[in-house]
Amino acid sequence: LTSPALVQIWPAGLPGRGWDGEGQSEWLTTEAPCFGIVHDHPVDSYVFRLNSDPEKHIAAKGAGKPIFVRFSPLPAGVFTLSVTAKRGHSAPTETKGHIVLRVREPAPWKPGTTSHSGVAVILDPPDATLDTLWEGEIKLTVLGPEERQVECRIDLQRPDGSEILSDTIGTYALPVSPHDLAAGIRTIQERHGWDLLYASSAQIRISGGELGQYTVRLERNLKPVRWVCRSAKGATSIHDTGRSEEARAELFTFLDPTDAVPLSTPDALTGFEVGGQGGLFTIRSGEHLDALVVNHVTGGLRDLITSPRRRTIAPGPISARAILDALALWSRARLAGSLVVVQRTHTVQCLQAWMIEALCGRTWAQAESRFAGYADSDEAIDALKLEVHSNSFAAALKGRSDQIDTGLEGRKCFAEVAARYNICKNRDQCDFALIWAHEPLRLLVICSNLDQMLTQAAGNPILLRGARLVALLNASPSRGTA
Amino acid sequence: MIEEVTKEGVIVTAKLVLALPPGGSVGETFVSALLRRAAAIHCPCSPATLASAVRDSLHYLVDEGEALDEMIDICLEGLLVGGDLLELSQVSVDDPNVKGTWVFAAPPAFVMRPSGAAFLMGISADEVSPLPPQLAARIEYRSFTRTLPPELSSAVPLRVLLGETGMLELPERVWLRAPTEEAAASFRDRVFDRLAGRGASGTIDDLEILDSATGVMYYKKRWSKPKRQTGIFVGRRPRTYGSPIWCVVRLIDGEPVQILDLPLQDKQAVRWRGCDAAWHLQMAIDQCNRTPQKYRSRAVAGGAVLDFFSPLPLWARRRLMNFGRPEPRHKSFFSYFVWQHELAAEEEFLQRRLWLAPELEIS
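These protein sequence lines map, in sequence, to chains A and B.
For the first sequence, our numbering begins at 1 and goes up steadily by one.
For the second sequence, our numbering begins at 1 and goes up steadily by one.
Think of the hints as simulated: they come from the structure by calculation, not from any bench.
Keep in mind that the hints are not guaranteed to be accurate.
What the hints assert, rightly or not - Derived contacts from chain B toward chain A, CB cut-off under 7 Å, selection only:
(1) Met1
(2) Glu3
(3) Ile11
(4) Ile41
(5) Ala53
(6) Ser57
(7) Val91
(8) Phe104
(9) Ser124
(10) Ala125
(11) Pro130
(12) Pro171
(13) Arg173
As the structure is a computational prediction, the values presented were derived from the model and not from experiment.
Here a beta-carbon is modelled for each residue, glycine too, at the ideal position from N, C-alpha and C.
Work the whole structure out from these sequences, hints included.
In structure tokens:
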């Protein structure tokens with residue numbers, strides 16, 4: 001309101017939609033508009049009038065003291081509220097102003113849309129890599145304004161940044177579902193074949209003209225050395241650092257998964273055909289390592305899965321550490337070839353059994369082997385408990401196994417039982433044993449003195465067997481845990 | 001009809017429009033709802049615009065002092081943590097005038113919680129919630145969060161009911177995404193190594209540092225201008241426009257010699273906010289200095305309230321929000337209630353991923 005003396009009016013209680021500070025406002029038919037009014041000079045009363053409705057008189061308060069008014073919800077339309085501030089009866093003065101209320105029905109929300117003129121993208125998994133993309137495990141959802149289209153393109157680069165290809169995945173109406181994009185990605189894979197595996201990074205560009213562009217960056221863990229499998233039969237390596245003399249390539253076969261066989265570095269650099277069934281190929285340059293399991297099924301059904309050659313496992317922490325390192329290599333390697341997941345799982349299980357044998361003894365390892373497949377049998381459980389070599393400790397663990405896991409409370413429970421039966425009173429060792437029994441690879445991440453802890457653990461095989469007992473009981477089918 | 005109403009009447013009316021539980025008081029739940037409405041009207045815009053819109057609407061209705069500003073700031077951060085607001089890195093927009101610090105209204109979505117309840121997020125332009133009235137009436141508001149409890153007698157699971165509304169379900173792994181687990185020393189050394197590779201920084205005016213030598217229980221008091229310290233510090237450096245840039249800085253005798261902005265610009269860290277990266281780094285530094293930051297656990301019915309004395313990264317607060325709920329502060333920076341059956345796992349998360357140490361309750 002314009003006056004040398006100020007009367008201020010504003011939407012009160014709710015941020016004003018369309019409020020420009022000069023009298024224009026927007027409301028919904030579901031809202032009861034409220035306004036506050038305050039003046040800085042003497043005013044006796046206010047007169048309100050909405051369109052041609054009857055006037056409403058409200059007494060004013062002192063200067064600087066606001067009054068508030070409320071309207072009943074209004075129907076859709078444009079309304080003009082005139083407000084008059086009055087003072088005096090004999091020589092009245094007036095200050096007058098207008099507020100425009102544009103009232104409309106609320107617009108219903110439309111699924112898949114954004115409220116701004118642009119897109120929002122949801123990437124699942126959030127830490128997706130280029131490998132995740134090629135394995136078809138990325139779910140990309142694009143939300144945006146209805147009836148608009150976006151073009152999705154993919155650009156692939158080599159490690160030096162040079163472009164391998166730039167291609168259109170597709171053009172889609174918003175919203176774009178993960179299914180739509182997955183189909184487009186499969187088409188790209190079919191169109192460009194194995195060349196895609198040379199890429200070290202990719203950008204999926206989602207462009208919608210004036211909606212702007214959103215880029216999803218996907219990287220392969222950049223390593224100076226890395227294997228690229230060019231076909232189902234052949235494997236070749238690429239050495240990205242240019243320091244080829246430093247590269248060391250090795251093969252661990254499925255038959256001897258802990259024994260490295262050196263590969264010729266020149267062959268590894270230029271490419272070679274995978275012989276036999278394949279195995280775990282590693283290439284190292286300084287601290288950098290890349291590992292790839294290639295499974296090449298050569299014969300009939302009997303060749304589908306290869307078991308490691310039987311060997312004598314040296315007891316003790318040094319042997320256990322070496323097997324744990326091999327276990328990590330196999331578990332974390334990328335995969336190529338048919339049935340490779342099944343073959344890798346089998347090899348990893350065998351390695352784990354060897355590591356358990358190194359620390360818990362051959363008799364225990366054999367007991368675990370017998371237990372497998374009979375995990376829900378009371379007889380099998382009793383037989384396993386006997387091999388812990390502390391009946392009371394084993395019985396107590398069985399009784400409380402549903403409370404024991406690698407979480408904080410679970411570890412505490414295990415340590416309490418171990419202390420009560422005089423097996424171990426050192427909490428760190430108990431925690432170590434339990435994590436080793438459930439998630440041995442985690443120790444490589446969280447344990448800074450792994451060799452020392454393994455040495456201590458090897459000195460208390462009963463504790464380790466007890467931890468394994470719990471792990472096996474918790475993994476039994478009736479428990480439903482992995 | 002026009003009628004005169006009291007201040008309380010205005011607030012009651014506003015709460016009715018916002019579908020909040022009735023009452024004439026102004027708390028975090030109300031302020032958060034006002035911020036959502038302001039976001040529906042103004043976004044994309046700066047957080048300051050939202051704060052200003054809310055402050056204007058509460059003109060003469062509440063005490064407009066620092067307490068209100070602080071509550072608005074807490075709720076704004078809460079809406080970012082809770083996924084109601086998105087930052088520029090999460091969306092596209094083709095407006096050159098949009099600043100990197102602006103926020104966007106997130107599309108309505110939900111995350112299923114371990115309890116079977118649904119955590120609601122997002123903003124629809126005109127509606128308080130895109131849910132049908134019978135579901136909307138069951139929303140439980142607590143501070144800046146909105147949850148929908150499961151209805152055990154219902155034949156149709158809550159997830160299905162929500163899916164039928166067209167709301168997007170965010171998988172828990174997307175919602176609770178966090179940096180890769182790492183030992184404190186490894187994380188600290190990785191950042192410090194990157195800093196070591198930087199050139200000379202020159203003088204930095206108005207630099208503030210978070211001094212690791214100060215007590216971990218009083219976050220605000222840990223910030224100061226460099227004096228004569230030598231070492232590596234988390235810091236904030238001002239810029240001409242916008243909020244300060246979070247950084248890590250090497251000082252010699254109080255003078256900056258190398259500086260590295262946070263978050264690190266690599267494929268992992270770029271997803272996190274600068275403040276999140278800085279707070280996480282300070283936790284690692286404090287742990288390596290054998291003065292880990294603390295949290296306090298207070299047993300209450302059904303679980304425990306965890307009190308924190310320093311800010312947590314957004315990804316950690318989102319976890320607490322998922323497995324518990326925000327609680328009024330109690331001699332702390334902020335507090336969360338966590339259900340008993342989630343407590344052990346969450347405390348382990350705090351200890352393993354943020355390297356926090358439990359503090360005995362102070363009576």
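Against the structure, the hints:
no. : hint   : result
1   : Met1   : holds (4 Å)
2   : Glu3   : holds (6 Å)
3   : Ile11  : holds (6 Å)
4   : Ile41  : holds (5 Å)
5   : Ala53  : holds (4 Å)
6   : Ser57  : holds (5 Å)
7   : Val91  : holds (5 Å)
8   : Phe104 : holds (5 Å)
9   : Ser124 : holds (4 Å)
10  : Ala125 : holds (5 Å)
11  : Pro130 : holds (4 Å)
12  : Pro171 : holds (5 Å)
13  : Arg173 : holds (6 Å)
Of the numbered hints stated above, none is contradicted by the structure.
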